[in-house]
Amino acid sequence: MKKILLSLGVVFLTSASGFAQNIPMDASVKTGTLPNGMKYYIKKNTLPEKKVDFRLAINAGSILEDENQRGLAHFMEHMNFNGTKNFPDNKLVDFLQSIGVKFGQHLNAYTSFDETVYMLPVPLDKPGNLDAGLKVMEDWAFNATLTDEQINKERGVVLEELRLGLGADKRMSDKYLPKLLHKSQYANRLPIGKKEVLENFKPDVIRQFHKDWYRPDLMAIVVVGDINVDEVEKKIKDNFSKYKNPSKPRERKTFDLPNHQETLVAIETDPDATSSMVQFIMKDSDAYTPDVTVEQYNQSLIENVATTMLNNRLRELVNSNNPPFTFGSVYHGGTYARTKEAFQGFAMVKEGNQLSALNVLLEETERAKRFGFTQGELDRAKAQIMSNMERSYNNRDKTESDMLVDEYVRNFLEKEPMPGIAWEYEDTKKFLPSVTLAQTNDVIKKMVKEDSRVIAITGPKKDNVTMPTEAMVLKTFDNVKMADLKPYEEKATIKNLVKPFKSEGKIAKTETDAKLGTTTWTLGNGAKVTFKKTDFKDDEIVFAGRSLGGNSIIPDADYNKTQFAYQALSEAGVNGFSKADLTNYLAGKQVSVNPSIGTLTEGVSGRTSQKDLPTAMELIYSYFTGLNYSPEAFNAYKTKQSAMLDNMLSNPQFYFSSEHAKFLNQKNPRFIGIIPMEKDWAATDYKKAYGIYKEKFANAGNFHFYFVGNIDEATFKNEVLQYIASLPSTGKETKYKDTGYRQVMGDYTKVYKKGKDPKSMVQIVYTGEAPYNEKDALALEALGEVATIKVIEKLREDESGIYGGGARGYMGKVPYNSYSFSISFPCGPENADKLTKSAIAELQKLIDKGPDQKDLDKYKEGEYNDDKTNMKDNMYWMNALTKNQLDGSDKYEILNYQDKVKALTVKDLQDVAKKYLTKNRIVATLMPEDGWESAPKKAETTTVKATVAK
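In this note's numbering, the protein residues as written are 12 to 961.
Simulated from the structure, these hints should not be mistaken for lab results. The model shown is predicted, which means the values in this text are computed figures rather than measured ones. We put the beta carbon where it would ideally sit given N, CA and C, even for glycine.
Label-pair restraints from in silico Cβ distances:
| # | residue 1 | residue 2 | range |
| --- | --- | --- | --- |
| 1 | Lys457 | Ser39 | 27 to 37 Å |
| 2 | Lys705 | Asp105 | 51 to 61 Å |
| 3 | His271 | Asp863 | 52 to 62 Å |
| 4 | Ser39 | Ile686 | 42 to 52 Å |
| 5 | Asp863 | Glu210 | 29 to 39 Å |
Cut-off 30 Å, straight-line C-alpha distance, at most; resulting in silico cross-link-like pairs (DSS-like, lysine-lysine):
| # | residue 1 | residue 2 |
| --- | --- | --- |
| 6 | Lys486 | Lys190 |
| 7 | Lys102 | Lys865 |
| 8 | Lys728 | Lys883 |
Required output: the full structure, derived from the provided sequences and hints.
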């Protein structure tokens with residue numbers, strides 16, 4: 012299998028082995044191949060209800076381009092949104108928006124080296140939508156019109172996407188990618204392509220690419236949703252079988268990432284680089300082959316266990332009081348080429364520490380290679396893997412369609428097995444307990460190589476920072492081999508996170524709300540607990556506990572000393588146990604609990620499973636009563652944050668945001684920057700922040716807790732009485748307050764200059780104070796969606812001036828009544844003024860005439876579509892319940908949302924445009940530094956996967 016486990020930060024890998032029993036195919040998925048070679052995958056899945064997800068996978072990407080076609084695989088992807096047989100010109104996006112498919116959010120596609128994939132979710136609430144979705148798939152596959160006019164029009168959009176890739180990362184990757192992709196065709200076929208090709212290719216060149224590679228035997232269609240499988244299969248056969256392959260098809264070659272004896276080293280710096288990193292790859296000797304047999308699948312499990320243990324060691328170092336890097340991990344998995352896997356490592360570090368970080372990555376790998384792992388580590392890794400598998404298995408009947416389709420796409424493109432979660436769970440449950448230390452120790456030894464190694468080191472170019480030399484990097488490998496290492500020492504494990512105690516907690520009052528389906532308990536200590544039992548997932552509980560106040564009630568002087576310390580507080584651990592101790596204790600448990608102090612509230616939030624609810628409750632209790640005080644942990648946090656943030660102002664976009672925020676907040680003494688700088692850390696008072704936290708969390712009676720999910724009420728009640736009802740309370744009630752400080756308002760035009768690349772950013776913002784009006788709030792939000800449609804139509808489709816952009820309208824009640832409406836987009840500096848005027852002109856049309864009814868209808872259909880899905884989402888309900896506590900809004904708003912959207916009229920949107928968009932306009936523009944016009948222009952960016960926000 013070739014599957015990334017995001018929660019573990021590891022990748023399944025493969026091993027060649029012969030065994031009679033093959034991995035089965037998921038019987039719930041109907042698969043087949045048409046006479047022309049096109050494959051199909053069809054599955055009935057009713058989450059979300061009345062919705063279907065389509066994918067069109069094409070086994071062709073930029074790697075297949077001829078020299079005069081560089082960038083045209085990606086360009087072809089764009090063209091499928093700009094004219095097909097059944098949807099000429101831009102009618103495709105227009106039609107899909109009319110049935111509730113949102114531009115960018117739902118409708119999308121991507122082009123990579125080896126494939127192009129189109130994605131389309133379609134609501135099935137109206138007759139004909141299923142057929143329309145299949146017609147779109149058919150047109151994307153075979154019926155692009157590719158007119159000269161549309162091709163030439165789209166050049167500007169694609170070039171704007173290329174422009175987005177310019178910057179420090181591009182300049183550095185231009186230099187190190189030739190080594191990472193040593194002697195490979197991949198080095199010469201980056202998906203975004205070459206600027207001169209995109210500007211000058213003749214239309215027939217892209218038509219030839221389409222003819223060569225958009226053909227049935229290189230395609231698969233995937234259909235998953237609330238459908239009749241047999242009906243869909245018949246429609247696919249009827250509509251897709253008629254298309255023919257070329258009489259003399261070009262060979263679909265595969266390309267390798269060659270091995271090499273030498274160790275290649277790339278050390279690259281740039282004045283505008285914002286972070287320092289190191290990565291290594293050690294390429295496998297053999298070509299990658301997908302898992303076919305059960306024995307291969309199980310070997311992948313062994314390898315997964317091994318890399319999980321190694322990453323757990325690295326995470327322990329990151330969580331220590333002397334972290335060697337901000338983030339570090341290793342894994343074995345895919346490279347740029349499908350045919351090659353490698354053992355790989357990565358770390359983000361403080362500038363100048365790349366070599367020491369590489370040394371740590373290699374030393375920990377060498378330690379595991381020499382001495383192996385411990386039984387405790389093995390047990391924890393098994394528990395982690397089994398817990399994640401169990402979560403997926405328990406929710407197998409409540410898995411969203413968009414989580415399934417991509418697995419079937421990978422089966423087509425990469426031959427990843429797709430036995431289904433039931434088989435995977437049963438096999439893992441059966442095989443995993445038998446995995447031994449000897450097996451996992453052997454895996455590490457096989458991964459580490461002394462040939463085919465590449466190391467890339469990047470970071471800011473500074474006079475006071477000395478970068479390592481190639482010789483120093485190469486010597487690191489020799490030093491690690493000779494290092495006097497000791498075996499890993501197993502730490503004592505937590506037996507009881509909370510010392511057993513007898514709770515005197517009780518429920519003083521019970522209230523139910525039949526309309527919301529909630530029950531609220533008022534506990535003896537004053538805390539409130541509201542819970543809603545759902546069946547949206549078969550094994551998920553989300554929760555939040557909130558108290559009003561936050562940092563708004565902290566005096567200015569104290570706030571400025573503590574505002575950057577609050578996120579660090581949980582780094583200290585609880586009840587005398589470190590964060591690393593907690594991480595080991597939680598291994599194999601589905602528990603996440605995060606305390607926080609925000610602007611208007613303080614509280615905890617997280618998620619868990621039914622089985623692990625008691626542990627989540629223990630952790631909630633511990634964050635209220637037992638947060639550790641550890642200046643050492645705070646200093647470690649500062650070190651990691653500094654590594655990430657110290658050079659952020661070198662990035663032109665971040666500099667723009669920072670400088671503009673300074674302008675807007677010039678009258679606010681509580682604003683000292685959007686990120687902490689060295690002087691801010693020096694002024695930060697960790698002890699005071701800790702004291703404020705302890706004071707706030709000593710008063711549980713001021714908190715309201717919310718739980719949503721598949722709750723067993725009897726078990727839940729016992730846990731609430733044991734832990735939440737036992738929390739201390741002072742009887743004091745707090746509320747947030749309006750500090751009285753406001754951002755600058757009025758009409759301003761601001762220009763900020765940063766960077767040498769020809770890149771600009773434009774923000775147009777209308778903001779001010781106004782009495783809150785529920786109808787206006789919804790209308791202003793809708794106006795933002797409609798304005799996004801118009802901005803994309805005008806600035807992208809008509810003027811070819813931007814790749815992406817949008818508008819947003821918002822009205823808030825807390826901490827004071829206010830409104831905001833913004834339009835933002837990146838563009839070329841030569842077009843910034845013209846496009847700004849075009850965007851403002853589109854707004855003026857909305858003010859003068861109101862929106863077109865069809866655009867308002869598009870917004871409504873999109874909201875109906877989203878709301879139907881959201882109403883079956885636990886977190887959506889959680890946010891709705893907590894919103895009422897914060898701003899006193901109508902708690903039944905979640906039940907009436909579609910009715911309120913339906914009631915909106917063109918006049919409502921025009922009225923709010925007139926009311927809020929005629930004054931207090933601030934236009935902020937990022938421009939490159941003087942002299943950008945004469946800067947040398949390079950031809951190629953380093954985007955690995957190019958996407959079109961459609």
